[in-house]
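A.B. asks: Protein chains in written order, with this note's numbering: chain G, 1 to 162; chain E, 1 to 455.
Any given hint might turn out to be false.
Said to hold, decoys possible - Partial list, computed: chain G residues near chain E (C-beta under 7 Å):
1. Ser6
2. Gly17
3. His22
Said to hold, decoys possible - Beta-carbon label-pair distances, calculated as ranges:
4. Arg110/E - Pro66/G: 48 to 56 Å
5. Thr363/E - Arg82/G: 51 to 59 Å
6. Asn19/G - Thr382/E: 19 to 27 Å
7. Leu76/G - Arg110/E: 52 to 60 Å
8. Tyr298/E - Leu109/G: 45 to 53 Å
9. Gln333/E - Pro46/G: 44 to 52 Å
10. Leu9/G - Ser222/E: 23 to 31 Å
11. Ala145/G - Arg110/E: 55 to 63 Å
12. Ala263/E - Ser90/G: 18 to 26 Å
13. Pro241/E - Ser90/G: 42 to 50 Å
As the list claims (entries may be wrong) - Calculated Cβ distances over 10 Å to all of chain G for the following chain E residues:
14. Met35
15. Ala65
16. Asp96
17. Ala193
18. Val206
19. Pro238
20. His348
21. Asp411
22. Ser449
I should point out that these hints are in silico values taken from the structure, not numbers from a laboratory. Glycine residues also receive a C-beta, built at the ideal position from the N, C-alpha and C atoms.
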Amino acid sequence: MATMISGVLAGWRRFYGENPLHLLALLGCFALAGYAVSFAVQAPTPIQLGIWFVGAVIGHDLVLYPLYALADRSLLAGRRARRRRHARPSRVPATNYVRVPVLGSVLLLLVFLPVIIRQGEAAYEAASGLTMEPYLERWLLITGAMFLLSAVLYALRRVRSE
Amino acid sequence: MPPLPRTDPVELDPHPRTAVREPEYGFPRGLWAAMARRRPPGPPFSPRTWRSPLRGPWITSVFGAILLVGMPIIIITGLLSYIAYGPQFGQALPADVGGLRLPLFDWPTRPSWLFRLNQGLHVVLGLVLIPVVLAKLWSVVPKLFTWPPARSLAHLLERISLALLVGGVLFEIVTGVLNIQYDYIFGFSFYTAHYWGAWVFIAGFVVHVALKLPTMIRSLRSRSLRAELRTPLATTVPEPPDTHGLVAEHPAEPTLSRRGLLALVGGGVVLMAVMTAGQTIGDAVRASALLAPRSRSYGQGPNDFQINRTAETAEITPTVVAGWTLTLTGGRQPLVLSRQDLLGMPQHTAQLPIACVEGWSTTQTWSGVRLRDLAARAGVPTPANAFVQSLERDGAFNQATLQANQVLDPDSLLALRVNGADLSLDHGFPARVIVPALPGVHNTKWVSSIDLRSA
Chain G
1 MATMISGVLA GWRRFYGENP LHLLALLGCF ALAGYAVSFA VQAPTPIQLG
51 IWFVGAVIGH DLVLYPLYAL ADRSLLAGRR ARRRRHARPS RVPATNYVRV
101 PVLGSVLLLL VFLPVIIRQG EAAYEAASGL TMEPYLERWL LITGAMFLLS
151 AVLYALRRVR SE
Chain E
1 MPPLPRTDPV ELDPHPRTAV REPEYGFPRG LWAAMARRRP PGPPFSPRTW
51 RSPLRGPWIT SVFGAILLVG MPIIIITGLL SYIAYGPQFG QALPADVGGL
101 RLPLFDWPTR PSWLFRLNQG LHVVLGLVLI PVVLAKLWSV VPKLFTWPPA
151 RSLAHLLERI SLALLVGGVL FEIVTGVLNI QYDYIFGFSF YTAHYWGAWV
201 FIAGFVVHVA LKLPTMIRSL RSRSLRAELR TPLATTVPEP PDTHGLVAEH
251 PAEPTLSRRG LLALVGGGVV LMAVMTAGQT IGDAVRASAL LAPRSRSYGQ
301 GPNDFQINRT AETAEITPTV VAGWTLTLTG GRQPLVLSRQ DLLGMPQHTA
351 QLPIACVEGW STTQTWSGVR LRDLAARAGV PTPANAFVQS LERDGAFNQA
401 TLQANQVLDP DSLLALRVNG ADLSLDHGFP ARVIVPALPG VHNTKWVSSI
451 DLRSA
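Pulled out of the complex, with its shape left as it was, chain E reads as follows (with noise of 0.2 Å):
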């Protein structure tokens, strides 16, 4: 078949469409009416400005309903990720959510990759929708510069709820975006912002999806994905001018069909899949993440693996760990034992995934004394919980509390060794503790003390 001329829309209509809808406004009538009137000189807010012949409520429609099935499995995966910080002991942050969480429960520690695929999801995820945000924000960019700003107050309102939505997905992007690349450059606590921006988004988002999951469903029915996805650039038309103010007036010739541009947002989310998820699926892939910061390698020995917090960052030196001993506490008067004991009980070995909430982990086999069998040397064989101290002085996370099922499970392990080495004074020596689908920082390193506590 040969392709059709290629039909130049503006030729085809020689007389615009122009407003045709004399506009209703609501109260305060006077003020929308005579805004209009003045419509700034500025290009943005004049409807000849916004010329791409593919923007419309198909297009829009098509970006907000991958966001739709995408953005709640982000915000799913984050409130989850609070609560396997274990909020209960304080040690979520912020620490004070009121009721904006979900229900608290303990954290599980099976499956093991549980965290691992939590925070997997929720980092990568967030990191190859972030070309369909831009596509949906570039869809809907000329509604930004509509003139008058509002005709009433429920689009007034409406429209400061979009600066919610579109404020809340920038900054929890920004913010995630830095955050993994270590550029702490906000000043702020990430956790905090993060969590609170996001409280801010999910008002945005839901409000949104509850006004316009109508106009959504419409939209997309209004034109056959099928039928797009065979249309070439020759055949390329606007779609039919709408209500919404998304369809240009003066539309301008295509360069790229609507499949194009589908295929170019589709295009950008899997570079952004290959540039990220290399460091979440493990050490088989991992340097194909070309650009994220946990794609290097450490080497081939059985401690060359992802580091967080180096032994010289937490100022462990040999001479802070010579002569170490572990100090349990909790019983009826407390136990101090050395690495030779340690070695001198039964050693179990387990394949547990080591996940960071920064979206990347790496799976090792580590073996040393299970915590269960400390709890019950003891003299606490089923405690409410378990205070971990490491020998680190500063830093965040040179303490943590584990719930009674992280002590309990059969492969919770206070590792000694792993991958058939002694640990190296990077991953902990000499001692760690390792535990299922715990958040890769509540692993203490380098443990000085562990306090069995009874309900």
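Same shape as in the complex, but just chain G (with noise of 0.2 Å):
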């Protein structure tokens, strides 16, 4: 009897790849979502909402990480054409104390784009009374701050390691 069961496990496991448990448990999650996703009938509609799930995937794995990707690489590639010309590596390489700002800078940007362009202004002033004038200057003077801090520090780096 044992040996007949493991022998179906067995074959159940060539035909499907996993334990019967793995399947159990993505049914589930497809049933929990299928079942949430049939009560979207209107604004937002399945559709709509299908969109939107795709749009954040593409936009995030085949638009904004190839961007980072290649800006990354292009650094590398600076940095390796730095190294061609002079015989001795950098001391302090500067990689990091660019690639920090800028992520930051970058990051705030992708998460206050709306308030930075003033994209929801007119609700927004609906709602508080006030306009979204402030916020590009705020964000362009802490990626200054954020650039200016890094070039202190990799002076400072600089000079401690002469």
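Dock chain one against chain two, each of which comes alone in its own frame, and use the hints as you go.
C.D. replies: This is the structure in structure tokens:
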């Protein structure tokens, strides 16, 4: 009996690729997601939800991510180019002193894009009575401060490594 | 100790690891094998593209463990928020959710900062975990381009569930981030979409945790966090080859240590916290949340605090409120009270927060007549609930139903004054509701009538 069960399980595994509980868990997942979407009949419709889901994934995985990767590769290409010119590697590589403030600035831009470009201003003004006028300047100042701090830390590291 | 010479793993390993493990395919075997032979030529499908020496099961599991703690808090505070809106009165959106909600209970009025804490956690945690979510996605992105796209039906189904997980988390972040900035570009109901998106995410999240928890624990045990935090760039080497497809087959020379990457993500978390927490914590530190929509000061006057929906937007003018009276119904006959009548009743003062679903709040000192005194005056001392209406004609929140405990709490007020001055028109003059732990928008402004309903 035991060998028969293990034989059936092994056959199932060859067919499906995992144990039966794996399938059970996934069917539960799809049932729950399907049940949730079945309620979304209007505003948003399942199609609207789907468009925004797929759009979010494409926007991150196939647009934003390749942009970050390309930007980082060009930064590293600059580092390699410097190496070809100089026999000795830089005592204090500048790479991360550029990466960190860029990433900080881009993170804030991504999250706060609506207030920075004043996209929801009419609704914001209706709610709060204020405009979105200061946010672009604030983002630029924060970005400038992060680059300045990074430059100061880089200079200090250079001085200390002399 | 002199730094160890930097080793280049590519040079150390002149014969890069090839796929020694013949992949085992499930049904339909022929299809997966045929696809495997036809790898698309694009760079993302080549293992040579993915060269970060820091990717590996350990680093992915560290980000996963942080999200495993944070995401349930965001999910639960989100579902609690739905209850706080009073679904039993049909005033939580979406109205019909079948079984997809927490068990119903009367949202408490104590502690008075309950809704403030709930929404503060939901929104601030949601925002500060964005860098962790992005780091987690970065750490697993090579698997998006794995080839063949599936090795078995199990693998195919699991990848579909990952689409729900990743699509769900990004959808919730995008809609949440847009909503707190008043950017309604999506054109559908935020509440409804964020709620259903959440359940799709929950479905993907629960199954992902169920399937990956053992892997996460095993991977976390594979390296010591303390040792990683002591390892500088010079001695940073890739994680050992794995079966998950995370460790680069051809790793580049590291430009950042593993602890540096953790510090970078942690720095992003701190940056997001500084930029947002101030609008939840309150007026002393509000201005520190430089990019948050509710970080601005209105001034120092008694009515100079955050406004949600101005009198102008609500079309409430001095003319509209001239000769204002409050109508109380539900008793034997309607009772009409002027503002003078209300000021003649016992006045109560309470310091209460007003907290928005968008995650900002402000605490002020309100005074006015207790709602329970009004209920008694109207002849309904123990109402089952109370239906409050505003002078405002349009607007989704020109009315709200309060539970019995929300009417009877000793600090629940029909406020006439704030911080020792009359309410301003923007804050609801002649009178507004203020109830402890109630979602901000249910503290109806410009109240025109209260219907005290018996069971």
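A.B. asks: Starting from the range 42 to 50 Å, see whether the pair proline 241/E and serine 90/G falls in it by beta-carbon distance.
C.D. replies: 31 Å, violated
A.B. asks: The hint says 55 to 63 Å between alanine 145/G and arginine 110/E; measuring C-beta to C-beta, is that right?
C.D. replies: Violated, at about 42 Å.
A.B. asks: For serine 449/E, is the shortest CB-to-CB distance to chain G above 10 Å, so the non-interface label stands?
C.D. replies: 24 Å, holds
A.B. asks: Was histidine 348/E rightly flagged as not at the interface, with every chain G Cβ beyond 10 Å?
C.D. replies: 29 Å, holds
A.B. asks: Holds or violated: the 18 to 26 Å window for the beta-carbon distance between alanine 263/E and serine 90/G?
C.D. replies: Holds, since alanine 263/E and serine 90/G (Cβ atoms, about 21 Å apart) stay within the stated range.
A.B. asks: Look at the Cβ atoms of glutamine 333/E and proline 46/G and judge whether their distance stays inside 44 to 52 Å.
C.D. replies: 50 Å, holds
A.B. asks: Do the beta carbons of leucine 9/G and serine 222/E sit within 23 to 31 Å of each other?
C.D. replies: Because 29 Å falls inside the window, the suggested range holds.
A.B. asks: Is the nearest CB of chain G more than 10 Å from the CB of alanine 193/E?
C.D. replies: The claim is violated: alanine 193/E sits with its nearest Cβ about 5 Å from chain G, within 10 Å.
A.B. asks: Hint validation: histidine 22/G versus chain E, beta carbon distance must be below 7 Å. Holds or violated?
C.D. replies: With a closest approach of 6 Å, the histidine 22/G hint holds.
A.B. asks: Can you tell me whether the CB distance of leucine 76/G to arginine 110/E sits inside 52 to 60 Å?
C.D. replies: Hint holds: Cβ distance 56 Å, inside 52 to 60 Å.
A.B. asks: Against the range 51 to 59 Å, how does the distance between the Cβ atoms of threonine 363/E and arginine 82/G compare: consistent or not?
C.D. replies: With a Cβ separation near 55 Å, threonine 363/E and arginine 82/G satisfy 51 to 59 Å, so the hint holds.
A.B. asks: Using Cβ atoms only, decide whether glycine 17/G comes closer than 7 Å to chain E, and label the hint accordingly.
C.D. replies: At about 3 Å, which falls below the 7 Å cut-off, the nearest Cβ of chain E leaves the hint on glycine 17/G intact, so it holds.
The structure fails to meet hints 1, 6, 8, 11, 13, 16, 17 and 18 from the earlier list, while all remaining hints are met.
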